[in-house]
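Participant: Got chain F; can you put chains E, A and L with the ligands on it based on the hints?
4 protein chains.
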Amino acid sequence: MHELGLQNGASASASELKIGYVGGGSQGWAHTLINDLGQCSDLSGEVALYDVDYEAATRNAEFGNRVMERADAVGEWRFEAYQEMDATLSAADFVVCSIQDPPDETFKHDLDVPQEYGVYQTVGDTVGPGGTIRALRAIPQYREIAATVREECPDAWVINYTNPMTVCTRALYAEFPDINAIGLCHEVHPFQELFAEIAERYIKTAEDIDREEIDVTVKGINHFTWIDAADWAGHDLYGYLDAELERRKPLPGYEPGDMADESYWTNQFQIAFDLYDRFGVLGAAGDRHLAEFVPWYLSIDAPEEIQRWGIRLTPSSARVGGETPDKMMAARVDEFEFTESGEEAIEIMRALLGIEPFKTHLNYPNQGQISNLPEDIIVETNALLTGKGVTPLCAGDLPGEIHSMVKRHVTNQETLIEAGIGGDLDLAFQAFLNDPLVTLKREHAEELFTRLVEIEREY
Amino acid sequence: MHELGLQNGASASASELKIGYVGGGSQGWAHTLINDLGQCSDLSGEVALYDVDYEAATRNAEFGNRVMERADAVGEWRFEAYQEMDATLSAADFVVCSIQDPPDETFKHDLDVPQEYGVYQTVGDTVGPGGTIRALRAIPQYREIAATVREECPDAWVINYTNPMTVCTRALYAEFPDINAIGLCHEVHPFQELFAEIAERYIKTAEDIDREEIDVTVKGINHFTWIDAADWAGHDLYGYLDAELERRKPLPGYEPGDMADESYWTNQFQIAFDLYDRFGVLGAAGDRHLAEFVPWYLSIDAPEEIQRWGIRLTPSSARVGGETPDKMMAARVDEFEFTESGEEAIEIMRALLGIEPFKTHLNYPNQGQISNLPEDIIVETNALLTGKGVTPLCAGDLPGEIHSMVKRHVTNQETLIEAGIGGDLDLAFQAFLNDPLVTLKREHAEELFTRLVEIEREY
Amino acid sequence: MHELGLQNGASASASELKIGYVGGGSQGWAHTLINDLGQCSDLSGEVALYDVDYEAATRNAEFGNRVMERADAVGEWRFEAYQEMDATLSAADFVVCSIQDPPDETFKHDLDVPQEYGVYQTVGDTVGPGGTIRALRAIPQYREIAATVREECPDAWVINYTNPMTVCTRALYAEFPDINAIGLCHEVHPFQELFAEIAERYIKTAEDIDREEIDVTVKGINHFTWIDAADWAGHDLYGYLDAELERRKPLPGYEPGDMADESYWTNQFQIAFDLYDRFGVLGAAGDRHLAEFVPWYLSIDAPEEIQRWGIRLTPSSARVGGETPDKMMAARVDEFEFTESGEEAIEIMRALLGIEPFKTHLNYPNQGQISNLPEDIIVETNALLTGKGVTPLCAGDLPGEIHSMVKRHVTNQETLIEAGIGGDLDLAFQAFLNDPLVTLKREHAEELFTRLVEIEREY
Amino acid sequence: MHELGLQNGASASASELKIGYVGGGSQGWAHTLINDLGQCSDLSGEVALYDVDYEAATRNAEFGNRVMERADAVGEWRFEAYQEMDATLSAADFVVCSIQDPPDETFKHDLDVPQEYGVYQTVGDTVGPGGTIRALRAIPQYREIAATVREECPDAWVINYTNPMTVCTRALYAEFPDINAIGLCHEVHPFQELFAEIAERYIKTAEDIDREEIDVTVKGINHFTWIDAADWAGHDLYGYLDAELERRKPLPGYEPGDMADESYWTNQFQIAFDLYDRFGVLGAAGDRHLAEFVPWYLSIDAPEEIQRWGIRLTPSSARVGGETPDKMMAARVDEFEFTESGEEAIEIMRALLGIEPFKTHLNYPNQGQISNLPEDIIVETNALLTGKGVTPLCAGDLPGEIHSMVKRHVTNQETLIEAGIGGDLDLAFQAFLNDPLVTLKREHAEELFTRLVEIEREY
Ligand SMILES: [Mg+2]
Ligand SMILES: [Mg+2]
Ligand SMILES: [Mg+2]
Ligand SMILES: [Mg+2]
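Chains as they are written, first to last, in my numbering: chain F, 269 to 727; chain E, 269 to 727; chain A, 269 to 727; chain L, 269 to 727.
Okay, chain F solo, but in the shape it has when bound (with noise of 0.2 Å):
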């Protein structure tokens, strides 16, 4: 009967919403949202797709509408594709961004060209050069969605799924501070899945526990992201860290070549407690993104050498191509099976209709809750959504060292957005610069950068 519990009252809008979904041709994160809505039964409406594919767009509505018809979906949903931004979003109720940078091959670039000039990125998707040349291709893109916003549904949400998450969310709120929009990733979430491992490892009433089980205070930028307290039912988790570093020392634990044959994906925590073992505050994101935000992971000399990292380099070839339109996709929906996505979105959406509050960890301007880094930047901590909106919780001070590193790169994303804005390519350039992964002579960063530069403006 307390405050959080499911609301008597029912929101007038649950029903008959309108979900505007910007990047709705993809296979992915598409289909998604189709298998949770088909399985949410308070919430019924339209999703409109809009993709500059608009074929891919069109068959996602058709497989979302023959899921809809299947026996087992609880959910009430149309789905329709849409040639424009504007009508897509007239009206919506929540926006979701979920795009891919139009030509694969630029991903390539941004992998393979400063690999020439020793530069090793892991993503290449949120900082080092591809985070930078992503930025600076995603900034007018998301002006865009935030001026079609301000005109078609200024009280909407907007939900962004697209890195780099941190420049991509300041855009929207740049382009239009009114704006209200959060940024999801999912990164965090293996963190609480460890922490429910150490509390059955060091705890022994401990059993079973599931990841929403355990609370921990997140904070930082996205990938960059840092736990310093975890709970598990009264029980304090974060002190069991140190005895679980020395069980898995030595760091780093393997040698060049060990992870040849594993997923591109994979990740053992190695270089997150290998920064609690410098920093007294454990790393909170993939290895493979913690990697790229400072200098001494990725100065390698050979690319199997991140390897003793326990990840692996992910190479340009494991990103073209890999979602080819699936033409066949609407005969099979017959095969399709109902799954539990562990995507938060409808979670969200309710919380924010105010039927049942929600806690989770978002991207959102910064009004307190890192109360030393900069107010209006985005930043990464827990929040509580309610039907009042998104209210972050507070999560102090980041720590000496760990302050001066992400706030490193706060100034170089509110350089690119500044420079985004403003067309300012020699403005992106000191932000490009003082990238930690930037350690090049400065005439080799200048080629670098005029290089990406040119890759892109050819698409």
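Calculated from the structure, these hints are not laboratory results.
In this text, all values refer to a predicted model and were calculated from it rather than measured experimentally.
Do not take every clue at face value.
Note that identical chains are pooled: a pair holds if it fits in a single copy or bridges any two copies.
As the list claims (entries may be wrong) - Keeping only pairs whose Cα atoms sit at most 20 Å apart, straight-line, the calculated DMTMM-like set for lysine to aspartate or glutamate is:
1) Lys709 to Asp545
2) Lys376 to Glu314
3) Lys709 to Glu573
4) Lys472 to Asp504
5) Lys472 to Glu284
6) Lys286 to Glu337
7) Lys709 to Asp569
8) Lys472 to Glu726
9) Lys517 to Glu714
10) Lys286 to Glu686
Facilitator: What follows is chains E, A and L with the ligands alone, placed relative to chain F:
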């Protein structure tokens, strides 16, 4: 199944708890605690009662034990009176502080002496001459409590109910910075009820709404709190305030004498709405409290004039002897009926033990929840309580004039803490002079302050 | 030969300067400028006089030109009256603003109407009802000046003398953020003289000390400035303040009526020392100004009571008609004698031209000089003026209670600027209500504000 | 006649001064002091020399006394060597600190051991491995000095010359917060000369300009200072930097080996201008220092490569034995000639004694002079020195990327202070790891740090 639901794993420490109660001889709050513990099935242990009036504590212990023997008491608790504070708090899991100033007469003087100088106070326990002198009395007491906690139960959660709330809670942290302490006050609850009424009045589908269904953003310092957003089930309620203000106009809506037959505690939200009218943000404490924080309501010529605002001055007579020890109390356990107290202490304890998350507003050191007030001062905002502890929710800035009004009291309270710790009456006088109710000529202010300090010394 | 001495290289622009003078028809400051320019041998050029009273400007131009013809005039300056502000400021190197509110009657009402409500003002041009209404009058005028500067002479240095100083100077920056503007006021000078006297009284070797030899740390906002350090030739003078305070006690030291025969501008440092006694920092403006910033000096029952503090209320009659145009003026050039004006404008111009560095106190946007006030508000501190421009000297924090008192006015002034720019009288009323002198009942405050605004509208 | 001129009243304490000199056995700076005091006619007193090498102090004392006997020596000073620091500083008016690390060998290791790991340092006394280990050595020494000042001469002005400047000066304040201490460094002077040249090159009327005529805005931390404004006699010089940069391009302008025959201290402003090219603000310390604060200049494959930037690595051999005690020194007083040293210590003392104001750049606790760096850290900016003490001049914010680069070192330096005070080598290692020059693999970094600490321990 979301993160905020009941957690599977019961906390190891939910049974055999120890609650140390400083001021445990009081009838009011002690009986509430007995009432609430008697109805709580998943906590058990000992309540240790300490009071300067040991007999009163003994009576309460006997009463508590007999209540627990009743058939309808589901709780398992032993009550015991103690003669020493250190034994009371030894190994406690929770410490409750609810102390009365020992000599009732001091309260009398806190109100009556300033009236001789034309300074009227509606309550006199928070700011103004009464609040100032109470602060000076309370600071050494609260430092002693904090010092005992440091020695006897440094990890315990300390729940304070005593006024002046801000100064008492701050004194705990000043003495023992690592203390886990919160301050609880009920003044915001009627505003949730007010918004429930507003919902019922203005929203067709809204009926029989409980206070707990209303989500408000609380921000400020104790008894000078503000609400700038309110929601029920996804419906913005704050937008109806303009209509509600018009409905309630003119403000003030009463004449001197109108309240003569009302309770001293009557409250019509007249000042709360007048502050909304002036500054665009709803004042969110009882009007009797709000009136004391600014100079313009209480600069009156006669005591009954404040009744124009729908409240009364609480005379010192209403304060003295109010709680005469009921020596027959134990004999009347049979007449005792369990009631719903509206107190949240049990829910707070259950949350902090990791049993079930709970959200409420409380007084806690600022770590960013109000981003334009200094760190570490005690502010009142919403917070989420879990096994991990207290996590304040971001409330954002205080806007211009409100910031200026609140900051003035923050400064005074910090000065009082510094003066109280250093035993520096000259410094305390600076805060006294800067209080909005003290618009006296300098020499009169000095005389009044000196008299109040001397009366205090006698006790 | 040190950095602060006279520089070898004469500035290219020290001859053929242009000074644009807005309000150039006034007798007072215009004559001072003529006096000072006539004695300055290393600057020359044109003074362009603009006034809504064009005839008065013409008279001043004629007077100035005739003074320059005198044998003892070493300066080479031409004076010319203009009908348009843009021509006046076109290509100016310096702009001087010293404007009188056109209808003297407004000032009368600013003082007399509030007295009907029991609100007494000793000056009425900075804060309080008078200051508030003057601010609303001045903001559009100063925005027009700033807009003209932006068009006609964006690099010029603008020197403002008009009250309310803080609001006028802030309005310049609000309209044209890149303006180079400072505000000058003399209220601190008598405090240098006061400290010179203190040196002579308490230090054996000190004799005949000039104001300029005294180095004081100035901090605050105009007319509510504070001094917390003072030195003469390496001797700390601030340490003698306690002795000096004792010597001057009791405070207040006068009776109502004592000042009846004194000038309206008489000042005995009674309030300055009383503030030192209360807060440990010396108030550093004339007592007539200081009294208006806090509620406790002017909450009096009769006008003459303020005389207890050694000052008088300046009646509106003393303000009206004070400066009747002297149409015979030009004829009296022969009687004119060059004097030492005590004005610093020439020294400031010489410093900004790179001729000789100069240190003084002035009003300028905060960039850290008072570290616990917001950036960009106008504060008054010491500054060094050189060819590089104005560099404020760090003055440090304002301590507790003083910060709280000053911050309240900062908030009000910022609100007035916002209200003035947006034409939002409701917002302006918030500032009015939050003024320490306005302790009226709400409805009386509203009535007073409305009357003042309406009187203003007539003009 | 303005405020900054020579003051009439001579300071009471300008004669019979006592200067305590810690490190007074050095030949370099001690001889400079003797030279300067010998030519200063308005100060006199005693110089007390303290050094761990007492003999060296004795030799300097004898030398000083004999110089003062010379006919052309106008100063009246006695020099005396002391065996104890407390007697040296007893009742001192000024304390000069200029200490050499006792065993020269440590410096050798500071440079050579990191080179084994591929970490090259151009100086190695401020940041990087060498600066880090020096900081750990210096912190206890400087705490001892501050403790002695607190006991023996708490009001004295302490002038520090030792590197790492920031950490040494900060350690003084950490130990004794009320100390009056400044840190002096010459690295900005050549930039005044650079701007004098620029004036002469680009301004027709500019000839034979002295360094002292150039007014620059200095901001940053020692050896990582920046200039963002420059003026000569009212002429903006900063605007010529773009032209000057073009004239100097390409950058870097040398080849490995080009500097082989140059002094180790050669400096061509190549890195200073490169930073201007990158970030729009001129780096303002010698290139050898600037190169060590960012990762991209010194991540080289061979020692001579840095010569491309017009500088050389200073080998440890250049440091060891450089100042062999000259036992014949006293005998050579006859050969001594007074010269203009360029040192400002005497001018600073005269200013602080109230004789003549002086403006220079110096290292001092931040109180707002750099508004986006934390309070109390040691920053380098301009300051005005008068009898009232040191008043920093506001320098404004550090812009984006520069703030991020500087803040990283501020964090490291604060961490080192905390580590040095607490004797916490793990904490010190955090700072070491976060140094831009330490881009080593974790285990190599750990090994290097451990080796450096152990070498240090031997001494
Ligand atoms: Mg992600
Ligand atoms: Mg209360
Ligand atoms: Mg003035
Ligand atoms: Mg140096």
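Participant: All hints, please: hold or fail.
Facilitator: Against the structure, the hints:
no. : hint             : in the structure
1   : Lys709 to Asp545 : between (31 Å within a copy, 14 Å between copies)
2   : Lys376 to Glu314 : neither (36 Å within a copy, 67 Å between copies)
3   : Lys709 to Glu573 : between (23 Å within a copy, 11 Å between copies)
4   : Lys472 to Asp504 : within (14 Å within a copy, 46 Å between copies)
5   : Lys472 to Glu284 : between (49 Å within a copy, 19 Å between copies)
6   : Lys286 to Glu337 : within (19 Å within a copy, 58 Å between copies)
7   : Lys709 to Asp569 : both (16 Å within a copy, 12 Å between copies)
8   : Lys472 to Glu726 : neither (60 Å within a copy, 48 Å between copies)
9   : Lys517 to Glu714 : between (40 Å within a copy, 15 Å between copies)
10  : Lys286 to Glu686 : neither (33 Å within a copy, 39 Å between copies)
Figure legend: structure checked against the earlier numbered hints; hints not met, in rising order: 2, 8, 10.
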